[in-house]
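Trainee: Each protein sequence line maps, in turn, to chains F and E.
Okay, so the first sequence: first residue is 1 according to the working numbering, each after it adds one.
Okay, so the second sequence: first residue is 1001 according to the working numbering, each after it adds one.
Treat the hints with caution; some may be incorrect.
[Claimed, not checked] Cut-off 25 Å, straight-line C-alpha distance, at most; resulting in silico cross-link-like pairs (DMTMM-like, lysine to aspartate or glutamate):
hint, chain 1, residue 1, chain 2, residue 2
1, F, Lys62, E, Glu1019
2, E, Lys1073, F, Asp191
3, E, Lys1073, F, Glu175
4, E, Lys1073, F, Asp174
5, E, Lys1073, F, Glu262
[Stated by the list, open to error] Restraint ranges, calculated between C-beta atoms of paired labels, are given here:
hint, chain 1, residue 1, chain 2, residue 2, range
6, F, Met162, E, Pro1017, 42 to 48 Å
7, E, Ser1140, F, Val45, 32 to 38 Å
8, E, Gln1117, F, Leu220, 53 to 59 Å
Just so you know, the hints here were simulated from the structure itself, not pulled from any lab data.
No residue lacks a Cβ here, since even glycine has one placed at the ideal position from N, Cα and C.
One letter stands for each residue in the lines below.
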Amino acid sequence: MRFLNHMTFGQYIPTESLIHRLDPRCKILATTLLLTGIFLADHAVVYILWGVALIVLAGASKLPIRMVLGSARPVLILVLFTGLLHLFFTDGTPLVSVGPLVITREGIRLAAAMSFRLVFLVLFASFLTLTTSPMELADGIESLFSPLVRFGFPAHELAMMMTISLRFIPTLLDETDRIMKAQIARGAMLDQGNFFRRLQSFLPVLIPLFVIVFQRAEDLAVAMESRCYKGGSGRTRMNPLCWKNSDSFALLGVALGIVLVECADRNLSWFVTPLL
Amino acid sequence: MSIVVSALGYTYHPGTPLETVALEDISFQLEPGQWISVVGHTGSGKSTLAQHLNGLLPPQRGSVEVDGIPCRKGEGRLREIRRIVGLVFQYPEQQLFAETVFDEISYAPRNWSCPEQEVERRVRTAAERLGIPEATFQRSPFHFSGGEKRKIAIASVLAASPRYLVLDEPTAGLDTTSRKELLALLKELRSSEGLGILLITHDLEMALEMSSRILLLHEGRRFFWGTPDELLPELTERNAVRLAPPDILALSSRLLSRGCSVPLTWDWETLANALNRDPSFILRKNEADECAS
């Protein structure tokens, strides 16, 4: 039984690659651009281009593509649910009717577009966490939001919260895996029966997990306070961020790529029917 | 009737940058009434091995058989294996969830579809063995101390009446008295009910004291397999495993160096080597010999 071993969402995988060495601010900005590009895409063909881009990025970061794709696994149910909602509840030209439910041409397009968007959104976001350590990510976010501090924006606190959340994803997955195994060893059947039965059988996993989460949160708060943590003001860094030429080139490359894809997307309208 | 592990191998995240060989070519046999201790430092593959014995992890290489039942994915008999082999995880008190102590202990027998009368009998027997009074049955398990919570968790595994018990560092975080009580209970279970026990521990002293056989793991490989008497001479060549020699040996050496008479199974050189080849120890020994003469 593999349990949660395949979960890679939110994890950092250190490898010696060019992408890993990039400044976290560059990677955050590039990811934001990529996500914007994904939401601008209208044609199915463009999503293929995004898929190719993901494969190229995975290769450049020396991460197995299976591992990158595996990060979308936790949201597949959400994707399926969203897809079905759009499929059955979108007005338009009716194609097939199943009882009271009607599948329309527009519904199929919208379901496909929303599913692609959600999957690529998660894939690119998790690619950022796979190639950037939580500490670097926090430093990057704090640095990017630092101009807003003068207007009272809590940049450091936001970065710290994100770091802690990301840092604890693998830990909580490990804990969940351990508790699941402990209950299965006591004869629990977590993967059998209908939806409600499964939900009920998960209570012996969820209750200890909540207890552990609160305990860990308490421990972390005490540990931070005992080391005189007092927020962002006056804090110095052991490794200050340093923007290099390679970061500028990488960001420029991503921006150029998105512009090219977007141009292609708009010109495709003459040949192919868009999804949206 | 035994657990037979043959050439067992397991790799985490194969084909990824996180690939880690946790176990390689591990073979041994655990019979009812036998006590095996698996010793090794952190990351040596002890916990991965424990999960194989209970069918939680199917072997990637080699095989595991529990009383003749092969532990393989898709065989449909994994639940049978889990019923035969009780597994107590590290810090088992963290798996508690039920509203009352009774419900917690009865979780396993109820999962195995035991009739309610039988469930009650098993809960009472397991609680009695662990020294959990009946008066506490309706209390929440979360209101007990750490040691008591662990007793409740172990009772819930024992209530399933397993033939073999695999315990992953059961004494971690316990005070000396609770530790001794737990070990005494395990000893008693082994002798009275013929339970086969596999104990995973860092504590070499405990392994030497309790086990009929010791399996020493290092980086997922079998470094030593034999009786406690055979282990000490082996430690001479096994310094790579970085296990601290038992305190009792250090104490023996100090007593010997002061000219006291200590009965030893091993010769001076073996003892010195087991204590990380401390040359000053040999020196003191020579001085002691001179004093004695």
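Trainee: Could you run down the list of hints and mark each one as holding or not?
Mentor: For each hint, the structure was consulted:
1. F:Lys62 with E:Glu1019: The hint holds at about 14 Å.
2. E:Lys1073 with F:Asp191: holds, 14 Å
3. E:Lys1073 with F:Glu175: holds, 23 Å
4. E:Lys1073 with F:Asp174: Judged against 25 Å, a Cα distance of about 22 Å means the pair holds.
5. E:Lys1073 with F:Glu262: Answer violated: E:Lys1073 to F:Glu262 is near 48 Å, above 25 Å.
6. F:Met162 with E:Pro1017: 42 to 48 Å: violated, 24 Å
7. E:Ser1140 with F:Val45: 32 to 38 Å: With a Cβ separation near 59 Å, E:Ser1140 and F:Val45 fall outside 32 to 38 Å, so the hint is violated.
8. E:Gln1117 with F:Leu220: 53 to 59 Å: violated, 46 Å
Going down the numbered hints, you'll see the structure goes against 5, 6, 7, 8, while the others check out.
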